[in-house]
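Protein chains in written order, with our numbering: chain S, 1 to 270; chain G, 1 to 270; chain E, 1 to 270.
Don't take every hint at face value.
To be verified - Straight-line distance between alpha carbons at most 27 Å, and here's what the computed DSSO-like set of lysine-lysine pairs gives:
1. S:LYS10 x G:LYS139
2. E:LYS10 x E:LYS260
3. S:LYS87 x G:LYS139
4. G:LYS10 x E:LYS139
5. S:LYS139 x E:LYS87
6. G:LYS260 x G:LYS10
7. G:LYS80 x E:LYS139
8. S:LYS85 x G:LYS139
9. E:LYS80 x S:LYS139
10. E:LYS10 x S:LYS139
Unchecked claim - The following residues of chain S were derived to be distant from chain G, with all beta-carbon distances above 10 Å:
11. GLU6
12. ALA14
13. ARG135
14. ASP142
15. GLN145
16. VAL171
17. LEU189
18. LEU257
19. THR261
20. ARG263
21. ILE266
22. THR268
Unchecked claim - To spell it out: a stretch of chain S is covered by chain E in this simulated footprint if at least three of its residues, at any positions, have a beta carbon under 8 Å from a beta carbon of chain E; those stretches are:
23. 30–37
24. 238–246
Rather than coming from a laboratory, the hints here were simulated on the basis of the structure. Ideal placement from N, C-alpha and C gives every residue a C-beta, glycine not left out.
Below are the chains, spelled out letter by letter.
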Amino acid sequence: MSLTAETLWKLLSAVRERQPLVHNITNFVVMNNTANALLALGASPAMVHSSDEVEDFVAISQALVINIGTLYSEQIAACKLAAIKAKAAGVPWILDPVGAGATPYRRAAAAALAGLGPNVIRGNASEILALALERGQGKGVDSTQGSDAALEAARHLAVRARATVAITGAVDYVTDGQRVIAIDNGHPLMARVTGLGCSATAVIGAFLAVEQDALTATAAALAVFGTAGELAAAEATGPGTLQVTLLDQLYGLNEQLLAKTSRWQIITCS
Amino acid sequence: MSLTAETLWKLLSAVRERQPLVHNITNFVVMNNTANALLALGASPAMVHSSDEVEDFVAISQALVINIGTLYSEQIAACKLAAIKAKAAGVPWILDPVGAGATPYRRAAAAALAGLGPNVIRGNASEILALALERGQGKGVDSTQGSDAALEAARHLAVRARATVAITGAVDYVTDGQRVIAIDNGHPLMARVTGLGCSATAVIGAFLAVEQDALTATAAALAVFGTAGELAAAEATGPGTLQVTLLDQLYGLNEQLLAKTSRWQIITCS
Amino acid sequence: MSLTAETLWKLLSAVRERQPLVHNITNFVVMNNTANALLALGASPAMVHSSDEVEDFVAISQALVINIGTLYSEQIAACKLAAIKAKAAGVPWILDPVGAGATPYRRAAAAALAGLGPNVIRGNASEILALALERGQGKGVDSTQGSDAALEAARHLAVRARATVAITGAVDYVTDGQRVIAIDNGHPLMARVTGLGCSATAVIGAFLAVEQDALTATAAALAVFGTAGELAAAEATGPGTLQVTLLDQLYGLNEQLLAKTSRWQIITCS
Numbered sequence: 001m002s003l004t005a006e007t008l009w010k011l012l013s014a015v016r017e018r019q020p021l022v023h024n025i026t027n028f029v030v031m032n033n034t035a036n037a038l039l040a041l042g043a044s045p046a047m048v049h050s051s052d053e054v055e056d057f058v059a060i061s062q063a064l065v066i067n068i069g070t071l072y073s074e075q076i077a078a079c080k081l082a083a084i085k086a087k088a089a090g091v092p093w094i095l096d097p098v099g100a101g102a103t104p105y106r107r108a109a110a111a112a113l114a115g116l117g118p119n120v121i122r123g124n125a126s127e128i129l130a131l132a133l134e135r136g137q138g139k140g141v142d143s144t145q146g147s148d149a150a151l152e153a154a155r156h157l158a159v160r161a162r163a164t165v166a167i168t169g170a171v172d173y174v175t176d177g178q179r180v181i182a183i184d185n186g187h188p189l190m191a192r193v194t195g196l197g198c199s200a201t202a203v204i205g206a207f208l209a210v211e212q213d214a215l216t217a218t219a220a221a222l223a224v225f226g227t228a229g230e231l232a233a234a235e236a237t238g239p240g241t242l243q244v245t246l247l248d249q250l251y252g253l254n255e256q257l258l259a260k261t262s263r264w265q266i267i268t269c270s
Numbered sequence: 001m002s003l004t005a006e007t008l009w010k011l012l013s014a015v016r017e018r019q020p021l022v023h024n025i026t027n028f029v030v031m032n033n034t035a036n037a038l039l040a041l042g043a044s045p046a047m048v049h050s051s052d053e054v055e056d057f058v059a060i061s062q063a064l065v066i067n068i069g070t071l072y073s074e075q076i077a078a079c080k081l082a083a084i085k086a087k088a089a090g091v092p093w094i095l096d097p098v099g100a101g102a103t104p105y106r107r108a109a110a111a112a113l114a115g116l117g118p119n120v121i122r123g124n125a126s127e128i129l130a131l132a133l134e135r136g137q138g139k140g141v142d143s144t145q146g147s148d149a150a151l152e153a154a155r156h157l158a159v160r161a162r163a164t165v166a167i168t169g170a171v172d173y174v175t176d177g178q179r180v181i182a183i184d185n186g187h188p189l190m191a192r193v194t195g196l197g198c199s200a201t202a203v204i205g206a207f208l209a210v211e212q213d214a215l216t217a218t219a220a221a222l223a224v225f226g227t228a229g230e231l232a233a234a235e236a237t238g239p240g241t242l243q244v245t246l247l248d249q250l251y252g253l254n255e256q257l258l259a260k261t262s263r264w265q266i267i268t269c270s
Numbered sequence: 001m002s003l004t005a006e007t008l009w010k011l012l013s014a015v016r017e018r019q020p021l022v023h024n025i026t027n028f029v030v031m032n033n034t035a036n037a038l039l040a041l042g043a044s045p046a047m048v049h050s051s052d053e054v055e056d057f058v059a060i061s062q063a064l065v066i067n068i069g070t071l072y073s074e075q076i077a078a079c080k081l082a083a084i085k086a087k088a089a090g091v092p093w094i095l096d097p098v099g100a101g102a103t104p105y106r107r108a109a110a111a112a113l114a115g116l117g118p119n120v121i122r123g124n125a126s127e128i129l130a131l132a133l134e135r136g137q138g139k140g141v142d143s144t145q146g147s148d149a150a151l152e153a154a155r156h157l158a159v160r161a162r163a164t165v166a167i168t169g170a171v172d173y174v175t176d177g178q179r180v181i182a183i184d185n186g187h188p189l190m191a192r193v194t195g196l197g198c199s200a201t202a203v204i205g206a207f208l209a210v211e212q213d214a215l216t217a218t219a220a221a222l223a224v225f226g227t228a229g230e231l232a233a234a235e236a237t238g239p240g241t242l243q244v245t246l247l248d249q250l251y252g253l254n255e256q257l258l259a260k261t262s263r264w265q266i267i268t269c270s
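Okay, chain S solo, but in the shape it has when bound (with noise of 0.2 Å):
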């Protein structure tokens, strides 16, 4: 399916309609965010982690997401359980790298999850480049770098971990090594807010649920939720109430809202 206004719709309608039971292993900043972002968008979250039910839960689940934010090692150990799991069985799944670059402990986590063949990866920029170029970057968990600057890092890293990249900042760009695509929605004050990238992860999780092509399911989901989040800055007097807002604008979102502010570029179709 390529990217079309009506994609968008037609993604978020089936995410509604089938409302796609979406495993998280996630960190303990976000979870309630995340879950009550998938909720309003319409799908079905869960947040499971121990190794002792991790594989039975991916099982049952239509996608599977991977956060490394809050990281420890039986998380790790559970990660893996699960990204194996999803891989025999057939269930999309992606990973969120948080803080890649900020500690050796966390590089090495992250590469060897990116290893396991999730179908795709998001990041900001300073995550993207540190898994791409196996070295530190960023502040903590923050980028120092727009997500331009990542945007060869990424394609490198979409060929060599046969995923789909996605880079979140002031431009979204989503690439599997040779199409790029970039979504201009959003708002700078959803950089205030924490944990919207792992909101972000999350989405398109749901998207995977219910569409095959990772490409164009990441950059829908992308649009959908910049586009959210850009109808919610425009209300909010600030992040305490954009991370109120956003919630409503996920459940509300309707087709000609999506079409009047949601923009994306097809920047190369090689």
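Dock chains G and E against the given chain S, drawing on the hints supplied.
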């Protein structure tokens, strides 16, 4: 104490006056919201999980809430220690068997805890069916059944576990195996906010701290929580604002609002 | 630097300009809110807990916040590693001894961390009394004492721990053992939102990153946070909206609002 409009107000007032310390061993998704729901209600919440201190903490608490949402082995051990101590010390406790039917691991943990003598068990229809029938049910942590479909199973479970059992859904049912009370408050939008079932469980915990009859405490708590949710949904523009407004409503509930909005029915009184 | 109306604005502006990386090892209840408070203020928060990486992360941070709210053994170990590293690397750090008086386990952990040289310790009156007097205090994580009742204990603790000690409550007191500053901002409704004390601790962390004098940094941070809370309470309709509006106010604070609303008094200057 039997359930009347006056009982609701009397018990809510008792929570506000006595500010019972409610010990929660709960999941990472809802900790913040659960603590805030208890504070808005007038109780004094604490989230304490380590096996090194749960027994000491139960001993100073007026009620204990155990919720298995984001289960892992150390937490199951801590839950068991806490439940056994609560029983020995006469501290009432409530079990929330989140996603009990989703995996064998979760089913086993829920069954083991249900065997330790909870005063109340609260779940959605799929969770209560899974626990009563000892088999898989539901879609992840969401119910695939209406609450009425689980009523007979709830009555059996109540007898077997010697507990009050609550099934929440479009209509909430509370039973001790013989008596059944149906509460008809709430709003469909509440299902689009994560963890409101968990908050309802915690509110029941607070009511158990001020009312010995578990059936009355549970039904009153669900009527209060459902009333607050219903009033909040009338103001909300989506699930984001609902989550916030619900806390304001719990905080602001008064006798008149409760009398006007709460709706329940004693179905069986054999 | 001594505390004046200009100091408040100067330090807040310094946080916004330098965006210090603040490393938090904190509890699961407040992680999201703490991160959002720091982002709204203008700092760059990270929540990093694993013993495998806390030392590396401290080394790249401008301040460290340690909060024992939802304590467990691995986390105590990580906190100790991080505190020792912070001391060695000259990174200022603050201890929040949540519920220090509630259980022997919690008391021992708080005392051990207080012995590792925090620049600042912030708690409610019961927590500071428990830490100073080395005995049980409080009701769970809530205080049973007014902040003034703990002032003498705070002065002794400050001398013994060679730290600045802050007691927050209706009035906040900050002391280095000799000097005492009282801050009279905030609103009673703030006690009905979970973790605002933890957020205050994190905000102090951000101010420690831009101001070497711990007494000044701590008092300024509490005046800024209390001012934002007071302005938010004036708009809020309950604890739900207060939590959201507080973030908007932290984000929007300007020199005029600070000058007009902040209230503090230097009580002792011996």
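Hint-by-hint comparison with the structure:
no.	hint	result
1	S:LYS10 x G:LYS139	holds, 24 Å
2	E:LYS10 x E:LYS260	holds, 15 Å
3	S:LYS87 x G:LYS139	holds, 21 Å
4	G:LYS10 x E:LYS139	holds, 24 Å
5	S:LYS139 x E:LYS87	holds, 21 Å
6	G:LYS260 x G:LYS10	holds, 15 Å
7	G:LYS80 x E:LYS139	holds, 23 Å
8	S:LYS85 x G:LYS139	holds, 19 Å
9	E:LYS80 x S:LYS139	holds, 23 Å
10	E:LYS10 x S:LYS139	holds, 24 Å
11	GLU6	holds, 24 Å
12	ALA14	holds, 17 Å
13	ARG135	holds, 32 Å
14	ASP142	holds, 22 Å
15	GLN145	holds, 31 Å
16	VAL171	holds, 26 Å
17	LEU189	holds, 15 Å
18	LEU257	holds, 13 Å
19	THR261	holds, 17 Å
20	ARG263	holds, 23 Å
21	ILE266	holds, 32 Å
22	THR268	holds, 36 Å
23	30–37	holds (count 3)
24	238–246	holds (count 6)
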